[in-house]
Amino acid sequence: GAVVSQHPSRVICKSGTSVKIECRSLDFQATTMFWYRQFPKQSLMLMATSNEGSKATYEQGVEKDKFLINHASLTLSTLTVTSAHPEDSSFYICSAPDRAEETQYFGPGTRLLVL
Amino acid sequence: GENVEQHPSTLSVQEGDSAVIKCTYSDSASNYFPWYKQELGKRPQLIIDIRSNVGEKKDQRIAVTLNKTAKHFSLHITETQPEDSAVYFCAAGGSAGGFKTIFGAGTRLFVKA
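Protein chains in written order, with this note's numbering: chain A, 1 to 115; chain C, 1 to 113.
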């Protein structure tokens with residue numbers, strides 16, 4: 001099956017700093033990618049839809065100025081957590097649909113810890 | 001938008017017994033229903049999926065059923081083993097919704113040896 005990578009896998013940062021997470025589709029092109037957040041013992045909550053060449057679409061309750069999304073190419077989407085705070089500590093997972101297979105592929109996730 | 005409900009939140013079974021997890025969805029346009037298994041600290045792993053043009057799909061000990069009219073779909077695991085212990089998520093989405101996938105709340109399955 002197709003492969004989606006994420007980088008970094010784990011990051012620890014100080015409160016107030018910004019963190020960038022990359023999501024790449026390695027062997028297929030993805031005009032759309034999705035960003036999810038998962039808090040401990042909870043489900044994956046969709047944060048936003050990343051659209052190649054246009055603005056991201058954010059789910060209700062997700063601050064677009066805090067979670068900046070850029071989808072500059074057909075294989076790369078980035079999520080930047082700006083001015084991170086301890087409550088932003090979570091597991092961030094991206095996914096990309098392979099439209100030819102009509103299947104979603106998930107990245108391995110990025111564990112963010114904000115001190 | 002799509003809303004997916006999943007039950008039960010926790011399920012404990014004896015090794016060898018069957019486990020059933022049920023989900024409902026709200027958006028009749030959804031046409032793809034995957035099930036994921038997530039072990040602690042890892043990404044969700046797709047274990048089986050079903051599309052809206054079929055009512056049932058089976059893969060060894062795992063089967064999924066779909067009732068489009070009632071907007072219900074279920075995961076059935078037979079002859080459970082301790083290694084089946086994990087959190088299972090149902091989800092709904094598909095091409096009709098731009099491949100946006102919405103997850104259920106998850107079911108923590110414990111298989112007791």
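For the record, the hints were derived by calculation from the structure and aren't laboratory data. Hints are supplied without guarantee of correctness; some may be wrong.
Below are the BS3-like pairs computed for lysine-lysine, each with C-alpha atoms no more than 25 Å apart in a straight line [claimed, not checked]:
1. K41/A with K37/C
2. K22/C with K20/A
3. K22/C with K41/A
Derived contacts from chain A toward chain C, CB cut-off under 7 Å, selection only [what the hints assert, rightly or not]:
4. P40
5. S43
6. L44
7. P97
8. E102
9. Q104
10. F106
11. G109
With the Cβ distance kept under 7 Å, some of the chain C side facing chain A (calculated, not the full set) [unchecked claim]:
12. S95
13. F99
14. A105
Being a predicted model, the structure only gives us computed values, none of them experimental. For each residue, glycine too, the CB sits at the ideal point set by N, CA and C.
How the hints compare with the structure:
1. K41/A with K37/C: OK: K41/A and K37/C at ~14 Å, within 25 Å.
2. K22/C with K20/A: violated, 37 Å
3. K22/C with K41/A: holds, 19 Å
4. P40: This interface hint is violated because 10 Å lies over the 7 Å limit.
5. S43: holds, 5 Å
6. L44: Holds, because the Cβ-Cβ distance from L44/A to chain C comes to roughly 5 Å (cut-off 7 Å).
7. P97: holds, 4 Å
8. E102: Cβ of E102/A sits 6 Å from chain C, so the hint holds.
9. Q104: For Q104/A, the interface hint holds, since the closest Cβ of chain C sits about 5 Å away, which is under 7 Å.
10. F106: holds, 5 Å
11. G109: holds, 5 Å
12. S95: Given a least distance of 6 Å, the restraint on S95/C holds.
13. F99: Constraint on F99/C satisfied, holds at 4 Å.
14. A105: holds, 5 Å
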